[in-house]
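Trainee: Sequence:
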Amino acid sequence: MSGSAAAFGSTVEHFGPRPEPSARAILVGVDGSDTAMRAAAFAVGLARRQGYRLIVAFVATHSALAAMGPAVAAAQEAVEELDSELRSTARRAAEELDIPIMFLKAYGDPFTRLRDAADQCQVDTVVVGASMSAGHRFAGSVATKLIRAGHWPVLVVP
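The opening position of the sequence shown corresponds to residue 440 in my numbering, with each subsequent residue numbered one higher.
Be careful, since some hints might not be right.
Unchecked claim - Okay, derived cross-link-like pairs now, EDC-like style, lysine to aspartate or glutamate, Cα gap no bigger than 16 angstroms in a straight line: (1) K584 to D558; (2) K584 to D555; (3) K584 to D548.
These are calculated hints, taken from the structure and not from any lab test. Predicted model only: the values in this text are computed from it and were never measured.
Model the full structure from these sequences, guided by the hints.
Mentor: Next comes the structure, spelled out in structure tokens:
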């Protein structure tokens with residue numbers, strides 16, 4: 440895949456049964472980290488028990504400077520590989536557990552993209568993994584920013 444602007448577009452794919460029109464929704468942010476995968480497992484179980492639809496959001500970040508150098512092809516390839524793995528896992532969960540899952544891949548700032556997806560999809564709950572980055576003590580983690588947004592309950596999975 441080339442490093443063109445089209446490579447950085449958002450995609451949406453639906454798996455599993457068609458959700459009921461009135462089905463409530465849970466949004467889970469995933470990035471391949473251990474805590475994000477635990478958050479996804481929790482969100483899948485919660486959606487299944489409650490009869491909710493699940494929105495799995497993978498937000499990949501990219502720097503405008505990276506697009507100018509040769510590293511963009513390798514970075515884009517890594518993102519596509521992770522996207523494929525996460526998408527496959529979501530598809531399997533939807534089929535095996537018979538729950539409606541929408542898989543969203545987007546590029547940009549994780550907080551902004553998760554906040555916008557949660558608002559646009561009118562979710563009832565947002566589930567994210569706890570950050571393991573020491574730098575987030577100063578700048579604030581995605582989870583902290585989502586909690587401060589105050590639009591929906593946010594569950595942070597360790």
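Trainee: Could you check the structure against the hints above and give me the numbers of any it violates, in ascending order?
Mentor: Violated hints: none; all satisfied.
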